[in-house]
Amino acid sequence: MPTVTINGIECEFERGDLVIEVADRNGIEIPRYCYHPGLSRPAQCRICLATFQAPNPRNDNKLEPMMGGKLLPTCVTECVDGMVVEMQSEKTIANQKAVMEFLLINHPLDCPVCDQAGECTLQDFSYKYGRGHSRFTDTKVVSPKKNLGDHIYMYSDRCIMCTRCVRFTEEVTGTSELMIDSRGDKSTIDIFPGEPINNPLASNVIDLCPVGSLLDKDFLFAQRVWFLKRTAGIDPFTSSGDNIWVEHNQGRVYRIKPRYNMDLNTWWITDEVRYGWKFVHSDNRLVAPTRKQHGVQVDATWTRAYKQIIDTLRGAGSAALVVSPTLTTEEAYLLVRAVRSMNEHVKLFLGPVPIDGQDVEYPNPQSERPFVQRAEKVPNKNGVKRVLEAMGGYKEFDTFVRSAKDFDAVVLTANFPSAWVTDDLVDALDGRKTILIDTTDSVLCAKAEVVLPSSTFAEKAGSFENFGGTMQHFNQAIPCQHDSKSEGQIALDLIELANGGTLKEHAPGFGAQIVDEQPGQVPGSDDSILLPRGELYNAKTIRTRMGEDYDALRVVGESVQDSAPEELVESDMELIEL
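Quick note on the working numbering: the sequence shown kicks off at 2 and runs consecutively.
Watch out, some of these pointers could steer you wrong.
Label pairs and their in silico Cβ distance ranges [stated by the list, open to error]:
#, residue 1, residue 2, range
1, Arg370, Leu110, 41 to 49 Å
2, Asp550, Asp312, 21 to 29 Å
3, Gln367, Ser177, 13 to 21 Å
4, Asp399, Glu345, 24 to 32 Å
5, Asn285, Met2, 56 to 64 Å
6, Asp550, Asp111, 55 to 63 Å
Pairs of lysine-lysine, PhoX-like flavour, derived with a Cα cap of 20 Å [claimed, not checked]:
#, residue 1, residue 2
7, Lys448, Lys293
8, Lys187, Lys141
9, Lys279, Lys258
10, Lys448, Lys406
11, Lys218, Lys146
12, Lys147, Lys187
13, Lys406, Lys396
14, Lys218, Lys279
15, Lys348, Lys396
16, Lys258, Lys218
17, Lys71, Lys92
Hints listed in this document are in silico derivations from the structure and should not be mistaken for laboratory results.
Note that the Cβ used here is the ideal one computed from N, Cα and C, for glycine as well.
Use the sequences and the hints to build the structure in full.
Laid out in structure tokens, this is it:
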């Protein structure tokens, strides 16, 4: 295998590998601003320049300086066997200081109020590679702030002209809303008149911006990033299976960011995934169980609501269970087991699967795999279908709506982020004893026999199976909001009570974690659930049991990919006392 030596470390590479790529794989830091692995490489920021030596075949393969000893950009220079790259030479260090000084000439000292503070590479590289003081004494150029789109606000005077955002709209989305206007120190990033940047992937330019120039209106001045914890998640709004970070603090979600996965979403997510989490903290959330008493909905304890459900299902001649494709695979399995423990003849149905338009593909300049915005707006249709098929078969939601009046009792799960109840469904459930498990209020709540508040994707752990059959685990980010429980915990509670047990009101919930809300501390990432008989299991063990009960579900326990560990947003930050 050919090798290249970078900063004295010998690294293997394959033909065509760039020096900066090899360095990244081997944990060697090379500063960069314009370079991004998902975009073209203009080599214009110049901070990644290094001194190069390579064997000269005309001189017995002796090491000689490349290009007469000139500095070369590591982001576009391919590795050669025997090459020596030095990022710590005198010339390289002088260049880094000069580049940083140039970039900071007109950059305002906004760090104390800038949203990018704490995750800003300009801050980091200024400290590591810049000068300890500024020699600039003239008046800085001040540029106006700009409203670029529905979600993007621009502080023009913070921009260092890396052009990542411009290249993204040209090369990935193909919409080209952004451009470079003017020349020299008057250059600014701008939109064309009357053409805001509102394409479905627009807010990825916020992630791409290495400084605090392009900012998220939704996150502006909302939270300091060093207080945020990030938990590995999976896109809960579409069938893509995109990997995400759920960033949160003190039990509240503040933003969602893309999590790199070259086999799925690469570096990007859609804006519908990025901003779809708002219903987690909606004023429309169901906050406590209710039950129908003398035709009127009244508040109820969980135990009282559960007992009414058990009585209803046991007394029903025929019953239906509608399993929403927003639930985890583990929850689908547990719910079927729970309802069957009370009515063994229950019929299974798959919940509604909203489709919005068609799949849209976006090219990936650095990969043969395009980024795809999925039209199917549920995360786990395939996982739920797999469970229902293995546990006796199922019928589609349209069939349920047409035949709902054939059932005495209906258990209906939802957990959709937006309105989903149709007039046809309301009419079909008229006169049925409906047990509704949902996250937000709807017209069905007033008609249901029992309403149980369920937890959202951010409040549970489990696995989703995406459009292509990839099964991925995700962790719980925040505690269950209000008095809600996950569908998995609800199922376990019902199994416990239906078998004569006693409800453990304060037992760890499905996907529960002990969250220490002391500022600056990271909660654990425990995805435990409590099964009957007081035994503590985790989601992996549930998946194993699924395979033990049904051979067709054995693949779930064997194929689910683990998620990344929880971490601070700024993982290498050190708190120092001034």
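Which hints, by number, does the structure contradict?
none
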